[in-house]
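Using the hints provided, position chains B and C relative to the given structure of chain A.
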Amino acid sequence: MSGLPPYASTGQRIWYYAFRVICGLIFFFLIAPILTIIPLSFNAEDFFTFTPGMLAFEADAYSLKHYQDFLTSPDWQAALRNSLSIAPVATLLSVSFGTLAAIGLSQDHVPFRRAIMAILISPMIVPLIISAAGMYFFYSRIGLQGTYVGVVLAHAALGIPFVIITVTATLVGFDRSLTRASASMGANPVTTFFKVQMPLILPGVISGGLFAFITSFDEVVVVLFVGSAAQKTLPWQMFIGLREQISPTILAVATILVAISVVLLTVVELLRRRSERLRGMSPG
Amino acid sequence: MSDTTDAAGRIISADGRPLKSSLNRALRREKLRALALIAPLLIFVLITFIAPIADMLFRSVENDIVSNTMPRTVASLRDWDSTSGEVPGAGVFESAYFDLAVAAQKKLHSQLGTRLNYELTGMSSMFRRTGRRMDDVGEVYMDQFAALDQAWESPEVWAAMIGDADWLASEKAWAKAQNPGTPPPAFEVKEGAQAALPLTAALYKDFAAYLRLNDGDSPTQEEPWPVFYAALYTDLINRPDAATAFSGADAQRLQTSAAAVTNFEAVDYKAAFVKADDGWGQVNTWATIKAFSPKYTPGYFLNAVDMQKTPQGISAQPESQQIYILLFKRTLFLSLTIMFSCIALGYPVAWLLANLPARSANLLLILVLLPFWTSLLVRTSAWKVLLQQQGVINDTLVWIGLVNDTDRLVLINNQFGTIVAMTHILLPFMILPLYSVMKTIPPSYLRAAKSLGATNWTAFWRVYFPQSVPGIGAGSILVFILSIGYYITPELVGGTTGTFISNRIAYHISSSLNWGLAAALGTILLVVVLALYWAYDRIVGIDNVKLGG
Amino acid sequence: MTFSRLSILSITATIAAAPLAVAQDMANSMTIISWGGAYQVSQTKAYFEPYQKLHPEVKIITDESSNEAVAKLRAMNEAGNITWDLVDVTAADAMRLCDEGLALEYDPDELLADAPDGTPASEDFGDLIVSDCFIPQIVYSITFGYRSDVAEWNGKEPDDICDVFDLKTFPGQRSLEKRPINNMEWALLCDGVAKEDIYDVLATNEGQDRAFAKLDTIKDSVVWWSAGADTPQLLADGEVVIGSTYNGRLFSVIVEQNQPVKMLWDAQVYDLDGWIIPTGLPADRLARVKDFVYFATDTQRLADQAAYISYGPARASSAPLVGKHADLGIDMAPHMPTDPANATNTFLQNYEWWADYRDDLDAKFQAWLAK
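Just so you know, the sequences run in chain order A, B and C. If you want the numbering used here, it's the position in the first sequence, counting the first as 1, plus 1048. If you want the numbering used here, it's the position in the second sequence, counting the first as 1, plus 4. If you want the numbering used here, it's the position in the third sequence, counting the first as 1, plus 35.
With the rest of the complex left out, here is chain A (with noise of 0.2 Å):
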């Protein structure tokens, strides 16, 4: 569909632009619920819906006090602080063991590969409520439920599979000669690993750290079950509000949560260009 040709019929002409119509509403339905929440996390009422005023473009209409609530009250506060202390640390344990396993996965001969791969997998076919009830259940008979560790760690299961697939996936390209030529030229493993491998791997490395951080950082189901009181994070804090005290300040939230989603997307699309632009240089 890369252009119309000149000789193309009518019912072509017709087809060729309903098609694209069509996609266009597609569009519009997946980013249309995104786009509305933006302008109503500005609504100067307390109220979920368009006010008149609002749709009349009135400027008093529009306020920013749902932003100010969301810096000044301290159980949003508390949640952001939740959420930024539990994601990095949960994601530094799914990256650092997932690199690891991804590497030693990529070999040439794994004994169980299938069987391995399944299990470390598992946390991302296996449905969150599911795993939610299994670690309310365990971590409670472990002394886990409720801690901040319990969290973590439960968080850094879940991240694991995306840091394996990004990794192995990066691993695929991964020249094997390059490392034999440094281990040839007298670097140890270790040296090897971060002078020659890991400047490799790590656009793969970065985008599963990143999908593993925004695991964490958008998780409730399991949150609400292994956390308490005090490890309530910004997806929490939300759910509550929704199906408890109905602010927009969720909408502000949101709104701030899109454009972080925004910033990370960029991050993601452009580290994948440099992970294309490495392995379209080695060899192979």
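Since the hints were derived computationally from the structure, they do not count as laboratory data. The C-beta atom is built at its ideal place from N, Cα and C for all residues, glycine as well. Don't take every hint at face value.
As the list claims (entries may be wrong) - Which residues of chain C face chain A? A few of them, derived with a C-beta cut under 10 Å, are:
#	residue
1	M111
2	N112
3	N116
4	S261
Unchecked claim - Label pairs and their calculated CB-CB ranges:
#	chain 1	residue 1	chain 2	residue 2	range
5	B	R542	A	R1068	30 to 38 Å
6	B	D140	C	S183	54 to 62 Å
7	A	M1246	C	K94	38 to 46 Å
8	C	A238	B	R542	51 to 59 Å
9	C	E231	B	T87	33 to 41 Å
10	A	F1076	B	I47	45 to 53 Å
11	A	K1113	B	L367	32 to 40 Å
12	A	F1076	B	N366	15 to 23 Å
13	B	D409	C	Q292	51 to 59 Å
14	A	F1076	C	Q292	29 to 37 Å
15	C	L89	A	F1076	53 to 61 Å
16	A	F1160	C	E387	55 to 63 Å
Only chains B and C this time, still in chain A's reference frame:
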């Protein structure tokens, strides 16, 4: 070559070993190194993730609360035939008294009542009410013993009578040290006391262990439980010569008591139980306790598929209580609907993306990736805003004049709300695999088909579509697996008809506290998902999962 | 390279230090669990903020988990790691927790302050101490609110509980709680069962079918709520025209947010709410929480809470001190469920009965909902 082969003609490597074994060694070393790299993560996942899942599977059949709380009753019910139509004999009621009196002291009886109430309505209050009356029974004997000898009311006397001499000594040292952080020494029964007063000694041991674990207290300082007097009475009736095993004041007191107990007013346990709650006089109560006395039960799984285990065998739940099969069916139906909606919406978009020049495709891809990266809760709340009766969509429809202000459409808190919101949330998971498959289909095939005279439709349907089927398969299974376990979105927009089995699992975990049933429902769901995962691995291969373009 | 390794090191160090900082925070913090919404705001204003002014060293962490309190406490107890210090629960939940040994039994006269005139706490609270673990706080009721601007009602306003079931005179969506408790009783009451026979009738299969049949008549017009804030929000948004919820939540919609909503005081269900202290707290935390409870349940504090929300204080000695709304300056007494004008026809829930029938009726209720 002679220097590189050995006598048997095997090739020798540089270190003098046969090449074959040397290669094998290298291979083994390589395997070990790979495993060593994988091991930390594997252990981590096994502990933090697989163990919890295994624990859940275990909970779905675990049922040791009955035999742990009422061990004596379970043992004496073994000889009772639940089909006889007769309430068990006095021996069972006596066992039940000792079990429940101890359980009531430890506050375990109402948990057992709650457990059995899942099977027979009314058990909960029966256990609670009965638990409250148990002390009255023991006090009948307590008063008689106290009237005989004031010493029977003293905690120290009991401790000295049943406790081992060494234990008594270390307990004294502990009490003197007055160290609140350390628990008292573990209780030991005196040699001889166990044989002479078996029931009393067993209960007392339980008492001492309970105090030590829960309050960090020693039995020498706590009032003895009333049930001890009933136990002592039973022991003395059974073994009038029990005093011979003791010495000093203990022996004397037991001697006089043993002589006196035959004239004591005895409690009719059965009458006391039936007075506390008439449920104890019904065969069904006992039959249920007996039916659920084994340590493992299929009961939760039966409940999870709308069946029940009754003393008469396995049967279907009454129709008014059947809900889980319906919920499983609905979960499947909604997941399938969402999956097909995703195919219908995702296919054209993926096709467009795959056939546009890279620059514009990348730009449009952002429109797909942005929702994918946006918080699930944000998207769900957006749909709440859009779909409400006073929400954006209804407002727009009213404003255009398509809908009357008084009969706005009900778009949320029903299946429609769940389908729309979840289709939106899962659509990127369909588009991305489809897109990556379609990008590999050369456009020249379509042109070739057309140049050979195929119409547009035939060219698409016979040439292009079959090649895109792997993408549809991958996307469908991914969407289906994800949607079947959804909890948050249906909870917020699903109302009563748009909720999934997950919502019921969450309900049983946090509200009804029927954790066994929650685990059984979760296990069934897990089996379905694992079967799908297996299919996914078969069709696409798990290595081929791609994320975020 | 050196630079990046340094920065990685420092990032690692920061991350490693984060949990330590959290752990230190915990040492002086007290986790209090409540219901969220307007109710928790009233507690914050009347108890938490004044207490923190007196004890700036104590950090109060709040959480809106009272709904799942029994489940979470049971899990914590199994884990042997109690992270909550004080929990706001209904009387029924307090009884359940006390039965299971998850809540601390206390002596009212030792733990709680005397009334200003010297009346001991046990007398001041009287028979509202329904369980050995329950520290009463407020008397509330579950009742209906309705919109006063519904055109289709032709100026009529509901004044009888059975108007909820009358779709002809009062058309529109209703909101009811997504559980059988209260709904079954109201249904039977409006199906002609006398108040005192309700639980006997409800214990039979026919009685349950009768209640469901009555609920069937309005089922298509019902939005089911599970959080206390739902009905006020639904009423304010105009999503429903009549709905059940806690009377205090309705008060804040009517009086504080000035919405066109009114109260229906008929056959409202009386209930109690209060604190429980979990068992198994270490001595220092127990001492801290006891100090807070002593402060937060004294006569003045309970009366203060009534300045923010229309729940009746549980102490007899607090009632005369109930004054005006803190911000609006209106008299609070007429908005209390305990006010004689509002309490002409009230309904008492049977906790014990529900403890038995909850599982059974809940399964039936959910099956009924799903059909």
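Notebook entry, point to check: Lying within 45 to 53 Å: is that true of the beta-carbon distance F1076 of chain A to I47 of chain B?
Noted result: holds, 48 Å
Next item on the list: Evaluate the given range 55 to 63 Å for the C-beta pair formed by F1160 of chain A and E387 of chain C.
Entry: holds, 57 Å
Check: Does the Cβ distance between M1246 of chain A and K94 of chain C fall inside 38 to 46 Å?
Finding: At roughly 42 Å between Cβ atoms, K94 of chain C and M1246 of chain A fall inside 38 to 46 Å, so the hint holds.
Notebook entry, point to check: Holds or violated: N112 of chain C as interface residue toward chain A, Cβ cutoff 10 Å?
Noted result: holds, 9 Å
Next item on the list: Mind checking the hinted window 32 to 40 Å against the Cβ distance between K1113 of chain A and L367 of chain B?
Entry: holds, 35 Å
Notebook entry, point to check: Do the numbers back the hint for S261 of chain C, that is, is its least Cβ distance to chain A under 10 Å?
Noted result: At 7 Å from the nearest chain A Cβ, S261 of chain C passes the 10 Å test, so the hint holds.
Next item on the list: Using the Cβ atoms, figure out if A238 of chain C sits within 51 to 59 Å of R542 of chain B.
Entry: holds, 54 Å
Margin query: So, as I understand it, the hint says N116 of chain C touches chain A; can you test that by seeing if any CB pair is closer than 10 Å?
Written below: At 5 Å from the nearest chain A Cβ, N116 of chain C passes the 10 Å test, so the hint holds.
Check: Regarding D409 of chain B and Q292 of chain C, is the given constraint of 51 to 59 Å on their beta-carbon distance met?
Finding: Since the Cβ atoms of D409 of chain B and Q292 of chain C sit about 23 Å apart, the hinted range of 51 to 59 Å is violated.
Note to self: Just to be sure I understand the hint, the distance between the Cβ atoms of L89 of chain C and F1076 of chain A should be within 53 to 61 Å; is that true here?
What the structure shows: holds, 56 Å
Next item on the list: Please test the hint of 33 to 41 Å on the beta carbon pair from E231 of chain C and T87 of chain B.
Entry: Cβ of E231 of chain C to Cβ of T87 of chain B: about 40 Å, so the range 33 to 41 Å holds.
Next item on the list: With 30 to 38 Å as the target window, see if R542 of chain B and R1068 of chain A comply at their CB atoms.
Entry: Since R542 of chain B and R1068 of chain A have Cβ atoms about 37 Å apart, the given range 30 to 38 Å holds.
Of the numbered hints stated above, the single one contradicted by the structure is hint 13.
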